[in-house]
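Student: One letter stands for each residue in the lines below.
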Amino acid sequence: MKRARSRPTAFAALVTATAVLVLLMISQIENDATPALVVADPAETYDPVLAGEPTPDGFRQLVRRDDIEPIYHPTFVSPEEIEWEPDTLIVGVALDGEAKAYPVNFLNIHEMINDRIADTPILVSW
Amino acid sequence: MVHRREIDGKEVAFGNHGGLYGNAMTWWDHETGSVWSQPRGEAILGELKGERLELMASTLSHWSTWREVHPETLAIDAWGFPMVVGLDDLAFVVDLGAETVAYEYQEVVRGGGVINDSVAGVEIAVVVDPIDEQRWAVFSRRLDDTIVDLRVVDGFLIDTVTRTVFDPVLGSAVEGALLGETLDLMRATTIFPEDFATFWPEGRFYTQESPP
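Protein sequence lines, in the order shown, are assigned to chains B and C.
For the first sequence, position 13 (counting from the first letter as 1) is numbered 13 according to this note's numbering, and the numbering increases by one without interruption.
For the second sequence, position 146 (counting from the first letter as 1) is numbered 146 according to this note's numbering, and the numbering increases by one without interruption.
Here chain B stands alone, though its shape is the one from the complex:
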């Protein structure tokens, strides 16, 4: 019994040590970067429509919030790493020496991308 119990304990200690190390590394990385985006839970956030506030003429609710999933944490690659057709239509943003490209047909699916360019928070929508 003793041996059987000591094994998971040693394992747990190893897991804990690894986790602490990883967290330290992450916090180190995040110290150098912009703070992560604060993303709220739709179910926990006030919704004036669900609360019954009168909606303006011409407004209609079709699906629930975020049923069409926005992108909150986009990832990027260099042009060499992507295989888009040369005639892919993209939305391009350039600011202070930085540039980013988002294919329109990808935006058609996700509709919204929360991003940053040159330290400016942007919302790309289609």
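Simulated from the structure, these hints should not be mistaken for lab results.
In this text the structure is predicted, and so the values were computed from the model without any measurement.
Certain hints may be false.
If you only want the chain C side, here are some residues facing chain B, beta carbon under 7 Å, derived [to be verified]: (1) Gly15; (2) Gly19; (3) Gly46; (4) Trp63; (5) Thr198.
All C-beta atoms, glycine included, are put in the ideal place defined by N, C-alpha and C.
Given chain B's structure and the hints, the job is docking chain C onto it.
Tutor: Frame of chain B, contents of chain C only:
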């Protein structure tokens, strides 16, 4: 379109509200849950009703052209999406506060691919790429003290004043007296023409009879 995702200088995340207002999408902000309408970037319901997000300059371009002009560009890590989009049914909206004008895509094509106009006293040009009619951009026509007058000739965008040839989507001068200069990209958005009046009741549609 691209908006600055900041309210009173504070970064805010935006989600999809899942509703339509005037046939355009709605967003919710993660700070107050207010409902926002896309074309004007304006809150229509909730605590922030009436607030607007700042529209930023962006462009529609072919990937190959964009890459050439912005070799430093990053690409969103995405693939496998279907190819379906078309500009033909849309209008381009230039909202300069004092005046808002909508340019129907078909009207720009009828205008030979370029419309020289003035919005709230600002000289602008709406341009559809003569080579690829799925690309468009809105430019300021002022370059220092020169006001360019743009025409599409044989697939090129040409200033009739200085004979400078411009890239129709990026606005950079590729040949002629103004070589090295680039037309400023204006903030513009797209909308279905039938929805324009919903968002800009005071706005006007450009027609060929409008003052040049």
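Student: Are the hints correct? Go through all of them and say.
Tutor: Hints, one by one, checked against the model:
Because the closest C-beta pair between C:Gly15 and chain B is about 5 Å apart, less than 7 Å, the hint holds. A distance limit of 7 Å between C-beta atoms decides the matter here; for C:Gly19 the minimum to chain B is near 4 Å, and the interface restraint holds. Hint on C:Gly46 holds. Least Cβ distance to chain B is approximately 4 Å, under the 7 Å limit. About 4 Å separates the beta-carbon of C:Trp63 from the nearest beta-carbon of chain B, less than 7 Å, and the hint is met.
For C:Thr198, the interface hint holds, since its Cβ comes within 7 Å of a Cβ in chain B; the closest pair sits about 6 Å apart.
In terms of the numbered hints stated before, the structure departs from none.
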